[in-house]
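Colleague: Given next are the chains, with one letter for each unit.
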Amino acid sequence: MGLEAPYVTGYLSEHFADAAFGTLDGYAAKGGYEAAKKALREMSPTQVVEEVKASGLQGRGGAGFPTGQKWSFMPAGTDKPKYLVCNADESEPGSFKDRILMERGPHQLLEGILIGAWATGAEKTFVYVRGEYAEPAREVQRAIDEAYAKGFLGEKVMGTKFRHDIVLMRGAGAYICGEETGLLESLEGKKGQPRKKPPFPAQYGAFGMPTTVNNVETFCHVPHILRRGAGWFKGIGTDKSPGNTIFGVSGHVVRPGLYELPLGTRLDALVFEHAGGVPGGRKVKGVIPGGMSMPILPAGMLDVPMANEFLRERKTMLGTGGVMVMDETTCMVRVGCVISYFFRDESCGQCTQCREGTGWMNRVLNRVERGAGNAGDLELLLDVAGKMEGATICAFSDAAAWPIQGLIRHFREDFEAHVRLGRCPFPESFAL
Amino acid sequence: MARITIDDQSYEVEDGRTILQALDDLGLLMNGVDVPHYCWHPKLSIDGSCRLCQVEIEGFPKLQIACNTPVKDGMVIRTQTDRVQTAREGVMELLLVNHPLDCPICDQAGECKLQDYAYDYGVAHARTREPRRPAKKRVDLGPTIVFDQERCILCRRCVRFCREVPGTGELMVQGRGDRSVIETAPGQPLDNDYSMNVADICPVGALTTKDFRFKIRVWFLDDVPGVCTGCANGCNVHLGVASNRVYRYVPRRNDAVNETWMCDEGRLSYKTIGAADRLLEPQVRGADGRLVAAAFDAALEEAAARIRRAVEASGPGVVVALASPHATNEDLFTLRRLLEALGTSSAAGVAVRTGRADDLLIKPEKAANATGARALGFGDPGPVLDRIRGGGARVLIALGHDVLDPAFGATEELFRSLDTLILLDTHHSALERVAHVVLPARVAAEKVGTLTNHAGRVQRVEPAVEPAHLAYAEGETLLRLARALGLSLFDGRASEARSEPRASGGVGWDARTVSRAMGAAVPAFAGIDVDSVGDQGLPLRSPGA
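Chains P and H supply the protein sequences, listed in that same order.
Numbering-wise, the numbering used here puts 352 at position 352 of the first sequence, and it's gapless, one number per residue.
Heads up: take any position in the second sequence, counting from 1, add 1000, and you land on the numbering used here.
FYI, nobody ran anything at the bench for these hints, they're computed from the structure.
Beta carbons are placed, not taken as given, at the ideal position from N, Cα and C, and that holds for glycine.
Take these hints with a grain of salt, some might be off.
Said to hold, decoys possible - Heads up, simulated PhoX-like pairs for lysine-lysine below, C-alpha to C-alpha not over 20 Å straight-line:
(1) P:Lys240 / P:Lys53
(2) H:Lys1043 / H:Lys1113
(3) H:Lys1062 / P:Lys197
(4) P:Lys196 / H:Lys1062
(5) P:Lys37 / P:Lys124
(6) P:Lys315 / H:Lys1062
(7) H:Lys1043 / P:Lys196
(8) P:Lys161 / P:Lys150
(9) P:Lys150 / P:Lys124
(10) H:Lys1215 / H:Lys1271
(11) H:Lys1210 / H:Lys1136
(12) P:Lys234 / P:Lys53
(13) P:Lys196 / H:Lys1072
(14) P:Lys38 / P:Lys150
(15) P:Lys150 / P:Lys30
(16) P:Lys161 / P:Lys37
(17) P:Lys197 / H:Lys1072
(18) P:Lys315 / P:Lys240
Stated by the list, open to error - Quick list of the computed label-pair ranges, beta carbon to beta carbon:
(19) H:Thr1086 / P:Gly376: 11 to 21 Å
(20) P:Ala63 / H:Trp1219: 44 to 54 Å
(21) H:Leu1280 / P:Gly189: 55 to 65 Å
(22) P:Ala395 / H:Thr1086: 17 to 27 Å
(23) P:Ala20 / H:Arg1132: 55 to 65 Å
(24) P:Glu313 / H:Arg1132: 57 to 67 Å
(25) P:Glu313 / H:Gln1080: 32 to 42 Å
(26) P:Lys190 / H:Ala1109: 33 to 43 Å
Using the sequences provided together with the hints, build the complete structure.
Modeller: Put into structure tokens, the structure is as follows:
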């Protein structure tokens, strides 16, 4: 069965408890598809792009790139077909917001895609759904079928001259296929490995055609922006990071789940007020704010608004808004072992630093956890992480290096204790 | 064009090229400007994965990979800064994390880029403590190649080669992360006409050829530039030579001929040089009808005597010749001159065996110099064979035995009808059975000269080895024959110089001088000689040019 509707809802998720919202009629009854009709009938593609630019919407897939600007990169006046890709490969550990958006609001997603397609001149959208997401894929496909039957997709979308098709494709379970060019390779039936840039997808994307890739949640904001205006959107969240987002809170909290809140909501408010804090009266030790690839924050640094401009000051980022809470029993070296194992397993293996560095870090962390580490291992880890950073085809290598750097930055004493004692000093921590 | 600055030197380069391509175009890559690289190869698509070629570019906060960064007018690039050096060291250390470091028993040692760059950019000791990744040794990838997974650095040149050059795509990367391995699909071995090139482009000791591996340490080999003689393409090669023996051919880059590739069949044709069926001794057919070994001069005297008798009896028109498409232009020009001196110049042809071809490198004519022979006036062998058949020809001077082929309608029986067959040849053949005088000749790897490939490119060969037996280039033998007949072929000049090494007792036929005489006499070769063709060859002059 699907996911619980969010504990705190907003414009994206307010109707998610209502099963009818998943149907085209139920969605339309709440004003759904009005924005798409307005865009296709009354607005030029440029006007749509300008409106989204004016809203300040940032991509919700992790990098936070301005969506309107990304759309404007699509070449005008090309005779090649242009494609849109909806990145629904939500694979970041700690992130599960796109899943609920697809399960409970598939038409909201399709409307956002239609508007994006109109704005970019795309004739086809590929929705690339994470392989493990059987139910979201089923719901989105059902919604696509409904939209075709209603004339909202296909030859003449909503009675206009605009033609648009949406094709759903399911991945096969590789994290790297969430990286946009790894996704494109997988979409083309090849091994999921990120492409070197240049060329960028807007020039050479899916099947070599100009392509824009946007995250599920990013698309879902777009109908609301068009319906209520860029000004309304900018009024939510922070100056630099407007809008709501759906935070996924997991780990040692009383109410793990989804929370739709404005960007800029404080992390401590999210953890303690919304998610109910740590169960059993224990204390928080650290919180990963944005999915596993983002550096952790220690308990003393949770008084930070959840927006990139503030999180960057604390050397971390919003990522996908997947908040992972760890209590005081947690061994941060074990956390490092888990994280480094994940990245070792998921590295595509193209770039030297990533292929070899992820494994090496994992081996060093494992021996520190076993109590076999030595005094030089911390510096070795930081050195290897430094070599992996900023030097590869995609950001995976950075994503593998940053969390380890964060763990050492904030929990150095955990590592040193392992070396000093020759064993793990956290007997109650989760087992590896 | 774009003007760029590399390490404070200004260069004009073509737009749209990447930095490594531009350096390669300028001939500076690893030849003045050191930008080490593994995955990039000038003749393969850009991969961008080894990350070793990072350079500093003004205006870019991060280092950029030179292989995939397009040049822009005004770009300022630095390849030797501390930051670049640190980045290279970082990549090298990571490449060696799982490498077995087994250079002492690795066949690539001595010509290994991992070894070379580890000396340049490596750290002196390993910081790894855990065992290295276990991987398979001696994986049989197909009929020609053995793979060592442990040594592989996953640059994927071999994968791209198979996809992009022969188009067969047998190789792939299986698995991901540090479990990635080069693999073939089950039941689909690496088996194509160009498979052995993967061993050349493998920068480490992961891919080796079954033919060459463990035969000799590469530092004992001298690389002698030469040309493959397996077909009319004339792929440029290095002959790997030690102790007067050729151990291998490896392709030598020539963008006008073979880029950086050669076919497997051609590559293995080095074996013909020292083959067991080499013709080692001069032979003369005795009164009893049997061929017996003879001294070279005696055999030559016998040949001259037979020609003299025939010409005295019936005139020079009874002497005909068949040129070898394997001989050099200089050898064939000498034959031309001999026939002219005898007064029978029109009675000559060349027979070229043909076979399988493709649209890459393999050409239908299975000889290195058929085009040269034709350019020197040796045409279809039919008229010569007809004259033998009709009885008008009594003496045949044959260079090589390619003519003995049903495809030309030429049988042993036909040649048995001759009074005299003088055969100059490199290898034994059935033609010997009907020859009266047999004289050993040198193969291309044993002499100086030029060969003209299918497209009319004249290319130089140099002596890589000296035959263990007494043999002369066909040109020299023919000059000696002329001298025995009292004929002068080169106004005395070409026969005065003597530079053919250790051609003991040579009368001094010199390919260099002959090639200049040929350039003066034959318009297609004007200005083309052994020296002027350089190591990349020159096209024949087109008629009327």
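Colleague: A separate judgement is required for each hint: does it hold in the structure or not?
Modeller: Hints versus structure:
For a cut-off of 20 Å, the pair hint linking Lys240 of chain P to Lys53 of chain P stands: about 13 Å separates their Cα positions. Between Lys1043 of chain H and Lys1113 of chain H the CA atoms are separated by roughly 18 Å; this keeps the pair inside 20 Å, and the hint holds. Between Lys1062 of chain H and Lys197 of chain P the alpha-carbon distance is near 14 Å, which keeps this suggested pair within the 20 Å criterion. A hinted pair counts as satisfied when its Cα atoms are at most 20 Å apart, and Lys196 of chain P with Lys1062 of chain H qualifies at roughly 15 Å.
For the hint pairing Lys37 of chain P with Lys124 of chain P, the CA-to-CA distance comes to about 18 Å; that is within 20 Å, so the pair holds. Among the hinted pairs, Lys315 of chain P with Lys1062 of chain H is consistent with the structure: their alpha-carbon atoms are about 19 Å apart, no more than 20 Å. As the CA atoms of Lys1043 of chain H and Lys196 of chain P are separated by approximately 18 Å, the hinted pair is consistent with the 20 Å bound. Restraint check for Lys161 of chain P and Lys150 of chain P: the C-alpha separation of about 15 Å stays at or below 20 Å, so the hint holds.
The hinted pair formed by Lys150 of chain P and Lys124 of chain P meets the criterion: a straight-line CA distance of about 18 Å does not exceed 20 Å. The hinted pair formed by Lys1215 of chain H and Lys1271 of chain H meets the criterion: a straight-line CA distance of about 13 Å does not exceed 20 Å. Between the alpha carbons of Lys1210 of chain H and Lys1136 of chain H the distance comes to roughly 17 Å, so the proposed pair stays at or under 20 Å and holds. Distance hint between Lys234 of chain P and Lys53 of chain P is fulfilled; the C-alpha atoms sit about 11 Å from each other, no more than 20 Å.
For the hint pairing Lys196 of chain P with Lys1072 of chain H, the CA-to-CA distance comes to about 18 Å; that is within 20 Å, so the pair holds. For the hint linking Lys38 of chain P to Lys150 of chain P, the alpha-carbon distance of about 17 Å falls within 20 Å, and the restraint holds. Between Lys150 of chain P and Lys30 of chain P the alpha-carbon distance is near 17 Å, which keeps this suggested pair within the 20 Å criterion. Between Lys161 of chain P and Lys37 of chain P the alpha-carbon distance is near 12 Å, which keeps this suggested pair within the 20 Å criterion.
Distance check on the hinted pair: Lys197 of chain P and Lys1072 of chain H sit about 16 Å apart at the alpha-carbon level, within 20 Å; holds. Taking the CA atoms of Lys315 of chain P and Lys240 of chain P, the gap is about 17 Å. The hint holds against a cut of 20 Å. With their beta carbons about 19 Å apart, Thr1086 of chain H and Gly376 of chain P fall inside the hinted range of 11 to 21 Å. A hinted range of 44 to 54 Å holds for the C-beta pair Ala63 of chain P and Trp1219 of chain H, which are about 50 Å apart.
The hint said 55 to 65 Å for the Cβ distance between Leu1280 of chain H and Gly189 of chain P, and at roughly 59 Å that hint holds. Ala395 of chain P and Thr1086 of chain H have their C-beta atoms about 21 Å apart, which keeps the hinted 17 to 27 Å range intact. At roughly 59 Å, the beta-carbon separation of Ala20 of chain P and Arg1132 of chain H lies within the given 55 to 65 Å, and the hint holds. Hint check: Glu313 of chain P to Arg1132 of chain H, Cβ distance near 41 Å, so the stated range 57 to 67 Å is violated.
At about 36 Å, the beta-carbon gap between Glu313 of chain P and Gln1080 of chain H stays in the expected band of 32 to 42 Å. The hinted range of 33 to 43 Å is satisfied by Lys190 of chain P and Ala1109 of chain H, whose Cβ atoms lie roughly 35 Å apart.
Violated hints amount to a single one, hint 24; each of the other numbered hints is respected by the structure.
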